[in-house]
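Peer 1: Line by line, the protein sequences give chains A and B.
Number 205 in our numbering belongs to position 192 of the first sequence; there are no gaps in the numbering.
Number 102 in our numbering belongs to position 35 of the second sequence; there are no gaps in the numbering.
Quick caveat, the hints were computed from the structure, so don't treat them as lab data.
Built from N, CA and C at the ideal position, the CB exists for glycine as well.
Careful, some of the hints might be misleading.
What the hints assert, rightly or not - Partial chain A-side listing against chain B, Cβ under 7 Å, derived:
(1) Ala139
(2) Glu142
(3) Asn265
(4) Asn324
(5) Thr327
(6) Ser538
(7) Gly541
To be verified - With a cut-off of at most 30 Å between alpha-carbon atoms, the simulated BS3-like pairs for lysine-lysine come out as follows:
(8) A:Lys181 - A:Lys201
(9) A:Lys133 - A:Lys119
(10) A:Lys133 - A:Lys399
(11) B:Lys353 - A:Lys133
(12) A:Lys119 - B:Lys353
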Amino acid sequence: MLRGAFSRRDFLQGSSVGLAAAMASRYGLSVAQDAVGIPQELIPGSPGHPRGWTTTLPPIPEGMPASPPVTISGSRRAPWEFAEGDDIENSPFTRLTSAALGINWKLAFSWVDPDEGLQKYNLAIASGELPDFMETVPLQVYSDLLDNDLLEDITDVYEEVASQEWIKDPLSFGDGVAWRLAEVNGRKMGFPYVEQAAQNDKLMWLREDWLEAVGMSAPTTIDELHAVASAFKAADLGQGGDGTTLGLVACNTLDAWYGSLDPVFGAWGVMPGSWTPDANGDLEYNSVRPEIKEVLSVLRGWYAEGLFAQNFFTLRPGQTAFAHVGANIAGLHFSPAFAAVFGLPDSVANEPDARWTFADIPAGPTGIKKKSWSNPVPDTVYCFRKGFAHVDLVLKQIGWWAELMQNPVNRYHGWEGTDYFWVGDELDLNGYDSSKHFFGPPGTNGGSRTDPYFEATWIRHRREVWANTPEDQRDAMMEAFLGGDELSQLWDRANVFAVDRWAHDGIRNEFTTVPTETMKRAGTSLDGLEQESLFNIIIGEEPLDRFDSFVEEWRSGGGDRITGEVNEWYHGS
Amino acid sequence: MLYRAGLVKGQEPLRAYLRRSWPLYAMILPGLLFILLFRYLPMYGVVIAFQDFSPARGFAASRWVGLDNFDFLFSLPEFNRILGNTLIIAVLKLALDQLGAIALALLINEARNLVFRRSIQTLIYLPHFLSWIVLGGILLDILSPFGIVNNLVRALGHEPQLFLGSNDWFRITVIGSSLWKGVGFSTIVYLAALTAISPTLQEAAAIDGAGRFRRIWHITLPGIRPTVVLLAALSLGDVLQAGFEQILTLYSPAVYRTGDIIDTYVYRVGLVSAQYSLAGAVGLFKSVIGFFLIVASYWLADRYAGYRIL
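Please work from the sequences and hints to get the whole structure.
Peer 2: This is how it looks when you write it as structure tokens:
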């Protein structure tokens, strides 16, 4: 392939690399060497294009590339697609990792859906052939591995080699909640899987054009919310048949990932299903707190007035995105920032004049404004096989890639041919995210990073640095992002908005460990009792006072014992 | 005949018999091995129903807990409810599916026009090939408050109903939709049995002056009686299979009272923590009940309908 003429950008890049090397040698910095000697075609970026950009590789960690190269086996969830000729063991990621770090990845096994993953992990355990590095080990497999002493304790290696700036610091968010599963009795038995901050934190999504039609503004209190929802319904602004417009979206889960009611409960300071400290500092199960009864009486009234779909409690969260939001029979819902690209696009496709906006959640009667806090650490961990000798290399790899991807000034946007394509001087971003093919964070299918603020950092960078770059100096990638369609711009804004409120507006479920003994035995029964009682109260099948007998039944059916066990764990940890 | 087929061994020295017949035994051997290896050997796995099974320890080293898993299952506060729902839904499904299939097969059989018959047959067994996941979404839509069914209900001057959200309707919806999905496929066997009835009998009866219903009653139905008895007997083994996938896609907490079955309950237990052993115990429980019912119904079929497999 013929490279274009040596551009000004190449020159700057080359000189900065040279300068850094010169400085490193002058000041005797032996910490790292530069990424010289890595073939250009393995490095991300498109420096050869007229409106291209250069990706800066971070300094290679000390002692790397490993010589001789080390082969490490890993399990992983199967990605969906590859560029021509690539596969999981031969992708842009594996080629660069091999050249820069001397690590060759070998696939032990892969899976598509979670059940298959569970089976393959169990098979690997039974056959005694665990991979060196295990991606997203399900919780039940993790406990089994721990109980049988099959995992490598990485505490000491972690202390020694993990990058302070790109691993240790970012993972210290939220009082160390990142380590809620990976750390056992003070020892690190795995590496945390971390999703993005506020990923499922709700915003209030509103039809701006409907607000104008009824002459109201975005509600700031629960009372105003009720007024707006009633007005939407009364004006019957939806696209459906007569009388089908809804006031507010809800579904079969009270604290759902879409169309949720959690900010309504939050307005009274409670969150069904969560454990939070009471006045004495003991954890208390929120679903049996008296405030829940107040919220139920409000929701019951709203249901009776027809603000919710009559069958809302039979719909899954995702179904509301299509049946209510996408079908334009609702103009008000509590959903995460990604609603801008899930649900809203259908709405706009069905009604091009639909104008959506988001606002902060409303406050309750006493001014409380809370919502469910989305914990970015799901029930899964990256694990290392007991006796695996190269934990240090994997940790260094994680740190190096985290620096490359998570620091916006490095300009990592993946590779041409996978993440983006050139169409003349323009970029087509409809490729796929090549980080799905990574072994280990900060990639992997599902989007694990070492930093929960990764996405927000990037959005801010785009909105502050890129947007302030004079138009004639922008490259094609900046152009493509800044010129994105309205909904993706809305997504970015909503994302940053939610992240800014993540730390203080969330009700955190403080019970973050594996289920207790009584939970295992009685949990399903109690959950069933709770769901059945709460929903039947809301829809008027049961009287409001059913709540009191539910609380009684919950306590005597094992709830009191669970509370004891939970607090034993809470005060012991 | 019997002698030549080697079935009457006594009249021939054993050695001579074996020398002549060994290829037959050799041919049956792979099949037997297959069944042993893939059907009988895995039954060893039922031991996990009596263990606190952990994949890392395997069958051999997992802790033995005796009947604890069964004890847990039977002492659930909801056990009576989920067993009752399972039985009601499963038995009604089985009975209506059989009756519906017979009725449909008779109707199709009586139809004269071949093109009409074939197209009806194809149309009614197509739903069998749809998965409940797909069908669940469709049902949710057509049964919703403003779906076509409720629009029809409204047009007829009645109150719309929550077919999936009300305890009065949930079982009816489940059984009805399962019938709609499966009955066409169940007719296939009956239609095959119907073609085996000699037309001469029908013609003779017609000449004797028997009308259509008389002929159905005295010729067609007795003609397919063995098939009916066989299928009914076999289906009794499914008496605790109320349709896990279907109910999982259609139910919601508000209808747990009438719709929660053993399988969906155990599925929810598994969401809290992996319970291989409990799932194993439930599977064994259902199989044992099914086994006894099959044996009993086979005995009944033999006794009252003179039906035997061999």
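Peer 1: The structure should be examined with respect to each hint, and the outcome stated for every one.
Peer 2: Now the hints, each set against the structure:
1. Satisfaction of the interface hint for Ala139 (chain A) is found here, the shortest Cβ-Cβ separation to chain B being roughly 6 Å, below the 7 Å cut-off.
2. Given hint, Glu142 (chain A) at the interface with chain B, is violated; its Cβ is 13 Å from that chain's nearest Cβ, farther than 7 Å.
3. A cut of 7 Å between beta carbons decides the hint on Asn265 (chain A): the least distance to chain B is about 5 Å, and the hint holds.
4. About 5 Å separates the beta-carbon of Asn324 (chain A) from the nearest beta-carbon of chain B, less than 7 Å, and the hint is met.
5. For Thr327 (chain A), the interface hint holds, since its Cβ comes within 7 Å of a Cβ in chain B; the closest pair sits about 5 Å apart.
6. For Ser538 (chain A), the interface hint holds, since its Cβ comes within 7 Å of a Cβ in chain B; the closest pair sits about 6 Å apart.
7. Interface restraint check for Gly541 (chain A): the shortest CB-CB distance to chain B comes to about 6 Å, inside 7 Å, so the restraint holds.
8. Distance check on the hinted pair: Lys181 (chain A) and Lys201 (chain A) sit about 13 Å apart at the alpha-carbon level, within 30 Å; holds.
9. For the given pair, Lys133 (chain A) sits about 16 Å from Lys119 (chain A) by alpha-carbon distance, which is consistent with the 30 Å threshold.
10. At roughly 18 Å between alpha-carbon atoms, Lys133 (chain A) and Lys399 (chain A) fall within 30 Å of each other, so this suggested pair holds.
11. Annotation: proposed proximity of Lys353 (chain B) to Lys133 (chain A) holds, straight-line Cα distance about 27 Å (limit 30 Å).
12. The hinted pair formed by Lys119 (chain A) and Lys353 (chain B) fails the criterion: a straight-line CA distance of about 43 Å is larger than 30 Å.
When each numbered hint is compared with the structure, violations occur for hints 2 and 12.
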